[in-house]
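Note that the protein sequences, when read in sequence, are chains A and B.
The first sequence begins at 215 in our numbering and counts up one residue at a time.
The second sequence begins at 215 in our numbering and counts up one residue at a time.
Hints are not guaranteed to be accurate.
Identical copies go unnamed one by one, so any copy, or any two together, can satisfy a pair.
Unchecked claim - Derived pair list, reagent style DSSO-like, types lysine-lysine, alpha-carbon separation capped at 27 Å:
id : residue 1 : residue 2
1  : Lys-494   : Lys-392
2  : Lys-715   : Lys-542
3  : Lys-494   : Lys-262
4  : Lys-262   : Lys-485
5  : Lys-542   : Lys-718
6  : Lys-468   : Lys-634
7  : Lys-254   : Lys-280
8  : Lys-753   : Lys-254
9  : Lys-684   : Lys-219
10 : Lys-392   : Lys-718
11 : Lys-219   : Lys-718
12 : Lys-684   : Lys-485
13 : Lys-753   : Lys-219
14 : Lys-761   : Lys-542
These are computed hints drawn from the structure, not numbers from a lab.
Number of protein chains: 2
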Amino acid sequence: MYEYKAPLRDFEFTYFELMEYEDHLKSLPKYKDLTPETWKAILEEYAKLVEGEIVPLFQNGDQGCKWEEGVVTTPTGFREAYQRYAEAGWQSMAYDEELGGMGLPESLYINTMEMRGVNWAWTSMIGFGKAASPILMDNATPEIRDMFLPKIVTGEWVATMCLTEPHCGTDLGMLRTKAEPAADGTYRLTGTKIFITAGEHDFTDNIVHFVLARIEGAPGGTSGISMFAVPKFNVENGEVADRNGVVCGSIESKMGLKGSATCVMNFDDAKAYLLGEPNKGLQAMFAMMNSARIGTGLQGVCHAELGYQQAAHYARERLQSRSLTGPKNPDGPADPIIVHPDVRRMLLTQKAFAEGGRMFVAYCGKLVDRVNASDDPEVVANAQAKLAFLTPIAKAFLSEAGVESASLAIQCFGGHGYIKEWGVEQNFRDSRIATLYEGTTGIQALDLLGRKVVAANRAFMDAFVADVEKLCEENQDYPLTQRLSAVVHRWQELSEIIGGKSTKNPDEIGAASFDYIMFSGYAVIAYYWARAALVAEQKIAEGTSEKPFYDAKIKTATFYFDRILARTEGHATAMLSGADNLMGMEDDQFLLQF
Amino acid sequence: MYEYKAPLRDFEFTYFELMEYEDHLKSLPKYKDLTPETWKAILEEYAKLVEGEIVPLFQNGDQGCKWEEGVVTTPTGFREAYQRYAEAGWQSMAYDEELGGMGLPESLYINTMEMRGVNWAWTSMIGFGKAASPILMDNATPEIRDMFLPKIVTGEWVATMCLTEPHCGTDLGMLRTKAEPAADGTYRLTGTKIFITAGEHDFTDNIVHFVLARIEGAPGGTSGISMFAVPKFNVENGEVADRNGVVCGSIESKMGLKGSATCVMNFDDAKAYLLGEPNKGLQAMFAMMNSARIGTGLQGVCHAELGYQQAAHYARERLQSRSLTGPKNPDGPADPIIVHPDVRRMLLTQKAFAEGGRMFVAYCGKLVDRVNASDDPEVVANAQAKLAFLTPIAKAFLSEAGVESASLAIQCFGGHGYIKEWGVEQNFRDSRIATLYEGTTGIQALDLLGRKVVAANRAFMDAFVADVEKLCEENQDYPLTQRLSAVVHRWQELSEIIGGKSTKNPDEIGAASFDYIMFSGYAVIAYYWARAALVAEQKIAEGTSEKPFYDAKIKTATFYFDRILARTEGHATAMLSGADNLMGMEDDQFLLQF
Chain A
215 MYEYKAPLRD FEFTYFELME YEDHLKSLPK YKDLTPETWK AILEEYAKLV
265 EGEIVPLFQN GDQGCKWEEG VVTTPTGFRE AYQRYAEAGW QSMAYDEELG
315 GMGLPESLYI NTMEMRGVNW AWTSMIGFGK AASPILMDNA TPEIRDMFLP
365 KIVTGEWVAT MCLTEPHCGT DLGMLRTKAE PAADGTYRLT GTKIFITAGE
415 HDFTDNIVHF VLARIEGAPG GTSGISMFAV PKFNVENGEV ADRNGVVCGS
465 IESKMGLKGS ATCVMNFDDA KAYLLGEPNK GLQAMFAMMN SARIGTGLQG
515 VCHAELGYQQ AAHYARERLQ SRSLTGPKNP DGPADPIIVH PDVRRMLLTQ
565 KAFAEGGRMF VAYCGKLVDR VNASDDPEVV ANAQAKLAFL TPIAKAFLSE
615 AGVESASLAI QCFGGHGYIK EWGVEQNFRD SRIATLYEGT TGIQALDLLG
665 RKVVAANRAF MDAFVADVEK LCEENQDYPL TQRLSAVVHR WQELSEIIGG
715 KSTKNPDEIG AASFDYIMFS GYAVIAYYWA RAALVAEQKI AEGTSEKPFY
765 DAKIKTATFY FDRILARTEG HATAMLSGAD NLMGMEDDQF LLQF
Chain B
215 MYEYKAPLRD FEFTYFELME YEDHLKSLPK YKDLTPETWK AILEEYAKLV
265 EGEIVPLFQN GDQGCKWEEG VVTTPTGFRE AYQRYAEAGW QSMAYDEELG
315 GMGLPESLYI NTMEMRGVNW AWTSMIGFGK AASPILMDNA TPEIRDMFLP
365 KIVTGEWVAT MCLTEPHCGT DLGMLRTKAE PAADGTYRLT GTKIFITAGE
415 HDFTDNIVHF VLARIEGAPG GTSGISMFAV PKFNVENGEV ADRNGVVCGS
465 IESKMGLKGS ATCVMNFDDA KAYLLGEPNK GLQAMFAMMN SARIGTGLQG
515 VCHAELGYQQ AAHYARERLQ SRSLTGPKNP DGPADPIIVH PDVRRMLLTQ
565 KAFAEGGRMF VAYCGKLVDR VNASDDPEVV ANAQAKLAFL TPIAKAFLSE
615 AGVESASLAI QCFGGHGYIK EWGVEQNFRD SRIATLYEGT TGIQALDLLG
665 RKVVAANRAF MDAFVADVEK LCEENQDYPL TQRLSAVVHR WQELSEIIGG
715 KSTKNPDEIG AASFDYIMFS GYAVIAYYWA RAALVAEQKI AEGTSEKPFY
765 DAKIKTATFY FDRILARTEG HATAMLSGAD NLMGMEDDQF LLQF
């Protein structure tokens, strides 16, 4: 593998030059004193740790975790890297100072996560505590909160999210894990959860499981589900005491992300603390889920960036065949493969997704900060609307783009990409999970089109589109914004058409949803690339000393509009073709070939 | 895993009802007595062996091959299955009777290969002998031919193709393996070959390597390459004698297809037999390569079919959530996921590619038969032209469609698809190699657009398109042929435009080639689906007793035209956008993000 380098220059571009984070931070009382210089200094420090200690463990991850009688051992170096990471205080970065945190914004947490996320297996082991903390802060009694939160903030303990059961993934209404009230006011949990990331490991002394279960006598379906905290070891006076009734029964053998332990967790009369009100567990979960979904979108960016760096280095070094327009390396035995147009097509696709995805995530980070810290209710409401709309797109589209990018990185290596040595095949295998967990692409697509667009009468969409239209109006003479304007009008039109059809046949939503969310992803990324090109034009007009950097932004944006955005045409045609070509087949007709 | 069933009914449809193999066989003197009944009886017999003994080893393949001091052990059961296979005489199926074969046509060999190909790792170990035999038949002296061919025909020995070296894959002009003439008229080969499928294993007593090397003093580049046969064990009086100087140095650790040994082969003064004339090795290789390329396209069909069968069974059994139009399984806890439109979209995509790819391969098989066995030079020339045009499309498009289908099969399983248990993730990993070996998609795309279309002034393309136009003219009132006609005219127009642009800038070929080959693949498959729908309409009009089967063909064809063919629009836009958006970036601009 070529060494991974954190894209610090591009972070600066994305967060400060493009997304105007300086003004953004100043607009939020809580973060108004956080200067761009401090932000960059934190990134630099973080990058050293990630480049030096976390990403070099990437290929170790493929050793996989080992399970033995309920004990899970993580790959070589993973545990030690976490301990140094937690000791350096990084786990507490985005918690408020009164909780013992550094008081930094979520957006910065997300920005740093892109770096460690290049080793996503390692990253996946430590992130749910942050995602789940709001449940403790908002729903738990002070006693329960204080039992768990401080140790999660310091990183002494980590957390899990326990939702899925063998017979229920998407359809949580079917879950069976039982909670019986105990005399001391706590509960006793019994049941089996599967696909639990980091359910058991050797990183920390204790693990706090956030578990969905049904209190005895609760209604069936989703309205009878409650949220509980279940520690691996019971806690007495803030310290680890005896073992609780929760054990890792096995770990899954998976396609990739092997350094991340995916556990079967058996709860057997485990002591559990109710979080919030009985039967309101699903709402609590959704809060956690939204942050996990943006995180999974970010995972796509991480795979795209890692694969891209590998492929771009390789394409400049690997000598094979000659340019069709004459030798570019006449003294060598062949030209570097970067001379070939199709290799450039593959590289630029990866670059457009990695950097475009980064812009998308930085935009979402800004919205999350506003929801968390703005004192203006209108700003909060606007940010919430945009986030509701963008979260499923970020999750689905960026995870799909991550898989495509990781696959193209392999393709740039030719046959060498298929063997383990270069790490690009591992990156691809690791990437493939992202379109499945935290709600598949299909589930995100239904959430987007059914709930966020059609049921909301496009209100959330309008909040986002207003920003896009403003940009287009302010830059009416710029070719890329003209093209952006056309695609956004088409997007609105499609939303209206499908919405209209769905009133007659609800299956029209499901039939259009995948193509709709892909169209949406391409349109959203086009908005960021148009903005990026405009900023770059401005910098070049001002006489920047970094012309090649900004010029590359304009060229990548142009590539994106010319060659990637074109895919929206096929998605539009497909979604307009209606539900009948899917629903007309009888179930039996799917298997008549024998 | 669900049990694989050979799609015998669909074979009958594809070969006899659609591709009119009865007339086809009758038109070739060599095969005129081969009746549809015999063909089907052979398939049934073959299917029993494959279903019973070969596909059940599929998941064993993932154990991988083991290398120890030059000896390679294949996964549990692989060797025994091969021995039974060879003993039953199947390896000799498509050799002429005077060579000791069964005298069956190549098309039937291809048809059977789809079945064993579902376990592609196993299949990959045994197929190169057949592909390489023409080199022995056409180029070798009788002495050399008789030394190797009879044992290859019986399957007592198998063969390999040794082309790639560490520094040269695509660019064979760079190869360095040396051949020195020896006093006895043979040669001594020295060099290292990599990525050699089945370079070493335990299936047979001997292995015959077909090796490209440079005779001392030969010109550099591709015009100084010769083809040699190098046995693992020297041969005396037709029997295995002492060990030759060729050893497997190691096997690759790969993403998938682990049951297929990918070997580093070290040749050290190995006794080698020149095949054909010195310096004409590349031409000999291309004959072998074309058959291997159709085979690799077929590999895509195998992955699509296996994944589809798994996903379709799962989608009918897995209960999760309710249909948006009301419960379809009201007595159960949820509906089977096949009720969801997006699951159907994924299943129909796989079905359209598996069956569409099967039609494509059956069409190619017919052309191969004509080239091999027609006594009409015009028929041969027409078939050769079509094959020249279709081979890169079959290789590139069907391997890409195989990867997409295998990925969609995972997606239908949700998170369960990512774990090893169901075999669908292995199928996906196995599929991924097919767009890389035997010439990457990018290389096929250049071959198609540069050599087969533009350089040939579209003559090969016209030969194929004439068939398509004939169909469209004969069925002017049928909606699908109307749409086919439109897409084919667009395809011709694009070919002309890109050809014109390329005279000014040769990079326009490379810049358009990927989108062009994908467009071509969609158009070719559309032709077969339109034909399939017409045959099905006819059968239904005649009052068939199998209406659901034929009706499913029409519905799948309609789905394909509505939702898959729509992708051509984006490809057209992308290829017309020109080379500048790829070539404008300076090499350094690809890596400025740090």
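Going down the list of hints, with the structure as the test:
no. : hint              : in the structure
1   : Lys-494 / Lys-392 : within (15 Å within a copy, 75 Å between copies)
2   : Lys-715 / Lys-542 : between (55 Å within a copy, 22 Å between copies)
3   : Lys-494 / Lys-262 : neither (43 Å within a copy, 55 Å between copies)
4   : Lys-262 / Lys-485 : neither (41 Å within a copy, 55 Å between copies)
5   : Lys-542 / Lys-718 : between (61 Å within a copy, 19 Å between copies)
6   : Lys-468 / Lys-634 : both (16 Å within a copy, 6 Å between copies)
7   : Lys-254 / Lys-280 : neither (38 Å within a copy, 49 Å between copies)
8   : Lys-753 / Lys-254 : within (20 Å within a copy, 70 Å between copies)
9   : Lys-684 / Lys-219 : neither (36 Å within a copy, 57 Å between copies)
10  : Lys-392 / Lys-718 : neither (40 Å within a copy, 73 Å between copies)
11  : Lys-219 / Lys-718 : neither (53 Å within a copy, 40 Å between copies)
12  : Lys-684 / Lys-485 : neither (54 Å within a copy, 75 Å between copies)
13  : Lys-753 / Lys-219 : within (25 Å within a copy, 62 Å between copies)
14  : Lys-761 / Lys-542 : within (23 Å within a copy, 61 Å between copies)
When each numbered hint is compared with the structure, violations occur for hints 3, 4, 7, 9, 10, 11 and 12.
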